[in-house]
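Novice: Listed here are the chains, written in short residue letters.
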Amino acid sequence: MFVFEKRTQIPVCIKNKNPRLAGIILSQYGGPDGELSASLRYLSQRFTMPDNRGKALLTDIGTEELAHLEIVGSIVAQLTDCEGAKSFDKYGTGAYYVDHANAVYPASAAGVPFTAAYIQSKADPIADIAEDLAAEQKARATYDNILRMSDDPDVNEVIKFLREREVVHFQRFGELLDYYQSQIKDCQK
Amino acid sequence: MENNMNRRYVVSGQNYSGNFNGNNNMRSNSNQQSCPNCGNQNSSSNNNSHNDNQGCACDNNSSFSDLMHAIMEADFYAQDLKLYLDTHPDDTRAVEMFREAVRQYKATRKVFEENFYPLTSDEAGKNGTWDWIEGNFPPDSCPCSQR
Ligand SMILES: [Fe+2]
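Same order as they appear, the protein sequences are chains A and B. Residue numbers for the first sequence follow my numbering, beginning at 1 and rising by one. Residue numbers for the second sequence follow my numbering, beginning at 190 and rising by one.
Simulated from the structure, these hints should not be mistaken for lab results. Certain hints may be false.
Stated by the list, open to error - A short, non-exhaustive set of chain B residues, derived as facing chain A with CB atoms under 7 Å:
hint, residue
1, Lys271
2, Phe287
3, Thr309
4, Ala313
5, Gly324
6, Phe326
7, Cys333
Note that the structure is a prediction, hence the values are computed from the model and not measured. For glycine and all other residues, C-beta sits at the position ideal for the given N, C-alpha and C.
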């Protein structure tokens, strides 16, 4: 069960308009290593975690990823709020504008629409958590790439927070993997 | 566990400080022009009681932004502890810290909702009107742009 709270997880307060930057950050909304991928991956895999420890962690991280999806969507919306067709074109995002105008659409920076092919769900906790560890590092690396391209301090403040969370999630998934591997070893004794 | 804590958001254990990330460089949307065409009302210019439209209400220590920041801090702290506890369920000190963060979150939320608007729909309608549609939904929820 999910409950919506009328706020973002942390403040999103972007002063400047920049459709080009919005088009880059959009990848963390609907791209291969974005927050939609992350949330659907964990919230799907959780159903077949072998115990409540795994179900709890995947549910809780998957839920936080939904909050991050909302943050990334808010950044994109604020960066393009009220910008017109000419501005999108000037910033090199005319191709996005013609299909979506000022909407927030789940796609990658290259314009590929979101697909569930970005994620896997295997009912095998070792396989699933190993994928999750990689996913967190890929998301972290994507945020690093965004920080290399963005010079907007309001945006970077939020992106740095999201990047940090991927590091924490990686840590927690690592602890869960260690735990399951130690359980397997105990069984084999 | 300390090394995995995100210290920026650690709450003080006292009442809210509104001192969200140690600096006041949050910016409001308040110098945007209102936009009649995109249908996306810029809440800040409508609701902001400041006329100057300069800089950020967070610089002014408004009770709105202080409370919203305090809610965000306390809830973030609780959520971060929750993930830690999922893989360290035997750490009773962390359980205590979690309860304290939740207590603080609930207390600040209560004050916020009494003074501004409901954050979850189960708090709506208490004054006999449908106030759920008040306030600012994302993406218009920058706390700095509020009074
Ligand atoms: Fe993550």
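Novice: Does each hint fit the structure? Answer for all of them.
Specialist: Each hint tested on the structure:
{"no.": "1", "hint": "Lys271", "result": "holds, 6 Å"}
{"no.": "2", "hint": "Phe287", "result": "violated, 12 Å"}
{"no.": "3", "hint": "Thr309", "result": "holds, 5 Å"}
{"no.": "4", "hint": "Ala313", "result": "violated, 10 Å"}
{"no.": "5", "hint": "Gly324", "result": "holds, 6 Å"}
{"no.": "6", "hint": "Phe326", "result": "holds, 6 Å"}
{"no.": "7", "hint": "Cys333", "result": "holds, 5 Å"}
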